[in-house]
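> For the protein sequence lines, the chains are A and B, in the order given.
According to our numbering, the first sequence is numbered sequentially starting from 1.
According to our numbering, the second sequence is numbered sequentially starting from 1.
Hints are computed from structural coordinates only; laboratory data are not their basis.
Please note: incorrect hints may appear among the correct ones.
Just so you have them, the derived chain A footprint on chain B, three or more residues with Cβ under 8 Å [said to hold, decoys possible]:
hint, stretch
1, 36-47
2, 254-267
3, 336-342
No more than 25 Å apart at the CA atoms, straight line, and that leaves these computed lysine to any residue pairs for SDA-like [as the list claims (entries may be wrong)]:
hint, chain 1, residue 1, chain 2, residue 2
4, B, Lys302, A, Ala89
5, B, Lys332, A, Ala71
6, B, Lys332, A, Gly34
7, B, Lys302, A, Met58
8, B, Lys251, B, Tyr274
9, B, Lys332, A, Ser194
10, B, Lys332, A, Ser46
11, B, Lys332, A, Arg120
12, B, Lys332, A, Gly94
13, B, Lys332, A, Gly90
14, B, Lys302, A, Arg113
15, B, Lys182, A, Gly90
16, B, Lys332, A, Arg191
17, B, Lys332, A, Ala67
18, B, Lys332, A, His177
19, B, Lys332, A, Leu142
No residue lacks a Cβ here, since even glycine has one placed at the ideal position from N, Cα and C.
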Amino acid sequence: MTRPIAAALRPAQADDSLSGRPEFDAIAAWIEHGAQVLDLGCGDGSLLRYLREARRAMGYGIEIDDANILASVRNGVNVLQSNLESGLAGFESGSFDYVILSQTLQAVRHTERIIGEMLRVGRQAIVTFPNFGYWGHRLQILCGRMPVSPTLPYQWYDTPNVHLFTIRDFEAFCADHGIRILERVVMDRGRMISILPNLLGSLAVYRFDRGPQP
Amino acid sequence: MNAPESIGVVTARNAQFDRPVRLRSGAVIDRYELAYETYGRINEKRDNAVLVCHALNASHHVAGIYGGDPSSVGWWDNLVGPRKPVDTDRFFVVGVNNLGGCHGSTGPASINPGTGRPWGADFPVVTVEDWVQTQAQLADYLGIERFAVVMGGSLGAMQALQWTMSFPDRIRHALVIAAAPKLSAQNIAFNEVARQAIMTDPDFHGGDFYAHSVVPRRGLRLARMIGHITYLSDDAMAEKFGRALRDGALKFNFDVEFEIESYLRYQGDKFSDYFDANTYLRITKALDYFDPAADYGGDLTKALARAQAAFLVVSFTSDWRFSPARSREILKALVDNRLDVSYAEIDAPHGHDAFLMDDQRYHDLIRAYLDNVDIG
Numbered sequence: 001m002t003r004p005i006a007a008a009l010r011p012a013q014a015d016d017s018l019s020g021r022p023e024f025d026a027i028a029a030w031i032e033h034g035a036q037v038l039d040l041g042c043g044d045g046s047l048l049r050y051l052r053e054a055r056r057a058m059g060y061g062i063e064i065d066d067a068n069i070l071a072s073v074r075n076g077v078n079v080l081q082s083n084l085e086s087g088l089a090g091f092e093s094g095s096f097d098y099v100i101l102s103q104t105l106q107a108v109r110h111t112e113r114i115i116g117e118m119l120r121v122g123r124q125a126i127v128t129f130p131n132f133g134y135w136g137h138r139l140q141i142l143c144g145r146m147p148v149s150p151t152l153p154y155q156w157y158d159t160p161n162v163h164l165f166t167i168r169d170f171e172a173f174c175a176d177h178g179i180r181i182l183e184r185v186v187m188d189r190g191r192m193i194s195i196l197p198n199l200l201g202s203l204a205v206y207r208f209d210r211g212p213q214p
Numbered sequence: 001m002n003a004p005e006s007i008g009v010v011t012a013r014n015a016q017f018d019r020p021v022r023l024r025s026g027a028v029i030d031r032y033e034l035a036y037e038t039y040g041r042i043n044e045k046r047d048n049a050v051l052v053c054h055a056l057n058a059s060h061h062v063a064g065i066y067g068g069d070p071s072s073v074g075w076w077d078n079l080v081g082p083r084k085p086v087d088t089d090r091f092f093v094v095g096v097n098n099l100g101g102c103h104g105s106t107g108p109a110s111i112n113p114g115t116g117r118p119w120g121a122d123f124p125v126v127t128v129e130d131w132v133q134t135q136a137q138l139a140d141y142l143g144i145e146r147f148a149v150v151m152g153g154s155l156g157a158m159q160a161l162q163w164t165m166s167f168p169d170r171i172r173h174a175l176v177i178a179a180a181p182k183l184s185a186q187n188i189a190f191n192e193v194a195r196q197a198i199m200t201d202p203d204f205h206g207g208d209f210y211a212h213s214v215v216p217r218r219g220l221r222l223a224r225m226i227g228h229i230t231y232l233s234d235d236a237m238a239e240k241f242g243r244a245l246r247d248g249a250l251k252f253n254f255d256v257e258f259e260i261e262s263y264l265r266y267q268g269d270k271f272s273d274y275f276d277a278n279t280y281l282r283i284t285k286a287l288d289y290f291d292p293a294a295d296y297g298g299d300l301t302k303a304l305a306r307a308q309a310a311f312l313v314v315s316f317t318s319d320w321r322f323s324p325a326r327s328r329e330i331l332k333a334l335v336d337n338r339l340d341v342s343y344a345e346i347d348a349p350h351g352h353d354a355f356l357m358d359d360q361r362y363h364d365l366i367r368a369y370l371d372n373v374d375i376g
């Protein structure tokens with residue numbers, strides 16, 4: 001088994017939104033009422049719970065960490081213990097409206113495989129990730145240190161993150177893999193960022209699909 | 001909050017059913033009794049009942065002790081009791097000995113009213129479906145319209161699963177622990193060895209050993225020894241016994257030498273003292289026959305399409321008898337049907353028997369799940 005991914009990866013954010021987590025609001029705004037969702041690396045299940053309450057969404061979380069399984073069950077959401085790295089073999093193609101990967105993509109070893117699986121199982125996919133290109137991160141690197149911030153709260157030696165990347169990296173990845181980006185929200189400390197997102201945004205939220213198939 | 005404690009002294013009861021029951025085999029039993037125990041109180045809305053289904057060798061005696069016998073601890077006493085994960089301060093818990101059993105319910109050792117002699121070989125083969133059918137009769141008898149929870153481990157979990165299909169509107173939650181949706185060829189093979197051990201014992205007398213005042217003890221011992229090997233993991237056995245010698249040195253004979261031999265013989269002896277050979281044969285058959293997907297072209301998703309319950313499915317990493325992969329088969333069918341389900345794979349070393357053990361992660365999970373079950 002690989003190291004636990006998604007375990008406690010969701011840092012505390014400024015409490016200025018309905019959910020207490022601004023990216024949850026961004027995600028909820030995209031989710032259709034009554035949608036079926038799969039939340040990969042669901043942590044303690046609070047996003048699923050929020051989507052159920054705010055959007056009447058039905059779904060399942062996937063987690064590997066024992067403590068998060070227990071927390072999700074306590075939260076009253078459906079959680080399935082599984083290692084994301086082994087894919088989503090138990091799920092039928094096109095069987096969910098949305099597959100969500102919140103603050104976990106940077107901790108997944110096989111990035112292409114997991115994105116491919118998300119787009120196989122879901123009609124659409126939603127990811128959120130810490131933007132490595134954020135000015136605060138750049139500044140720390142310029143000062144010769146690995147960045148530590150509210151969105152990257154780990155020291156280099158204890159981080160579960162294995163693939164740090166920027167907003168531009170992600171968009172290039174999508175272009176290279178024929179992925180169509182449907183919407184993007186970039187934030188910093190709970191505020192929307194519209195100019196220079198790769199510099200001023202610490203957190204990115206994307207909704208995408210496979211695009212028109214030939 | 002007070003600490004969890006044992007439910008204390010409990011009493012077994014018998015319920016009589018005079019309406020004939022038609023079994024899956026086509027056989028009819030005109031009247032029968034089921035032994036049961038209850039713990040806790042039914043609430044005003046009668047929506048807090050929990051049915052605990054037993055596996056191979058257990059019974060209706062789930063928790064507590066019998067008066068005057070402190071050693072008679074119920075088989076799931078570590079889980080069921082006041083403030084325990086299955087909290088009898090909240091829930092009304094029912095344990096039942098299945099039809100065909102040997103702990104007080106009508107079974108092969110009971111008197112067949114048609115002949116005035118023990119049923120013996122004539123007692124029909126019973127199935128998981130039959131058990132669920134008769135458990136529902138017990139629910140009627142107890143005035144339980146709908147169970148808040150039906151739960152069990154191993155064969156007991158198969159009954160919980162069957163409940164969601166046989167009586168989808170009479171069960172709100174199913175706890176399916178250390179289960180499989182059907183037995184593998186290897187599982188059936190172990191059962192067949194156990195049955196052969198019993199049936200080839202000269203004291204078996206074709207199942208009518210009662211008339212000869214004997215018990216096919218050698219067969220039962222072997223059956224139990226085989227079973228025990230499959231309930232434990234290789235690691236658990238290595239940990240518990242290793243190659244330890246009972247007397248410290250090899251004796252170059254066939255007495256008990258290794259501790260594992262001693263353990264198996266002890267378990268076999270104990271079992272053959274109380275368990276009925278005909279019941280053992282029938283329970284292993286019930287295991288072999290269980291395959292709810294069979295009527296749906298092998299498609300478990302279709303078989304579970306009528307289920308409405310919410311599920312907690314639990315497996316144990318070291319269980320090779322019903323491995324986590326078998327629980328995942330159930331899980332897939334539940335997810336395909338968009339049923340509410342949570343699934344945990346407990347990293348426990350004890351093998352199949354882990355479902356009976358007091359493991360904190362496992363018990364915390366059951367407690368957390370049951371805390372969210374609405375009652376009252």
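> Out of the numbered hints, which ones does the structure contradict?
When the structure is compared with the hints, numbers 1, 2, 8, 9, 14, 16, 18 and 19 turn out to be violated.
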